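Trainee: Could you build the full structure based on these sequences and the hints that come with them?
Each residue of the sequence shown is one higher than the last, beginning at 1 in UniProt numbering.
Just so you know, the hints here were simulated from the structure itself, not pulled from any lab data.
If a hint is listed, it holds; no wrong ones were tucked in.
Computed cross-link-like contacts, DSSO-like style, restricted to lysine-lysine with a CA-CA straight-line distance of at most 30 Å:
#, residue 1, residue 2
1, 169, 150
2, 169, 149
3, 148, 50
4, 50, 169
5, 61, 50
6, 50, 149
7, 150, 50
8, 148, 169
Computed Cβ-Cβ distance ranges for the label pairs, DEER-style:
#, residue 1, residue 2, range
9, 71, 94, 26 to 34 Å
10, 54, 192, 20 to 28 Å
11, 151, 118, 44 to 52 Å
12, 193, 57, 17 to 25 Å
These numbers were taken from a predicted model, which means no experiment stands behind them.
Yeah, the Cβ is synthetic: ideal placement off N, Cα and C, and Gly gets one too.
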Amino acid sequence: MKLLLKPAVALGLAMAAASPLVSAPAYAQSANGVGVVSLPAAVANSNAYKVAEQQRPVTYKAQLDQAEARRAAIAAQLQPMMTKFNTDRQAANPNQQALQQQATQIQQIEQNGQRELQQILAPVSLSRAYVTEQIEDKLDDAVQAAAKKKNITLILDPSQGAVVFADAKHNITQDVVNELNALLPSAQLVPPQGWLPREIREQQAAAAAAQGQQPAAPATGAQPTGR
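Mentor: Printed below as a string of structure tokens:
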């Protein structure tokens, strides 16, 4: 069995933006050899992922504090500009050219600020991608182990649009979480120097192959057993 997993970066960002996921209940057995598992939910509810989410604000406190301070500063800079813009456009005969210039300036500050915040928080995003990829590397084994224990021969993933409806008795997401917890009790939080997410590594390898070059060996770091 080979699972089709979403790229680590996309999956990590999607789960960060979503509401907290609730673990699916465990069931004694699946029906007719068919199981349903949400792979993103299995990743997000694994102990390795949840512990990393708790540790990250402490490990990356400096970056998070810097980002919050910079965000507040940008908001303070924009507030009087927005007030003036709203006041000017409500005038009896507003100067459209001046309004356009103000709007452009406000937009530029917002865009530059967003890029700056993303740069400050890049280590945080990279950490989340690193943790998620470690879990993904164990996900295929976890699904196979859960399927074997439940005598399942067909597994569907509703998050990838494969299932419209399934009775709760088919759900083995918690079983997969249990297997993940056994295979990877914890994950390394901080990526090794030079580490890049799988999606970027694959893009670089493809580009190097297209140019007839040997792709650079990815940074692997220690085995993902620590925190």
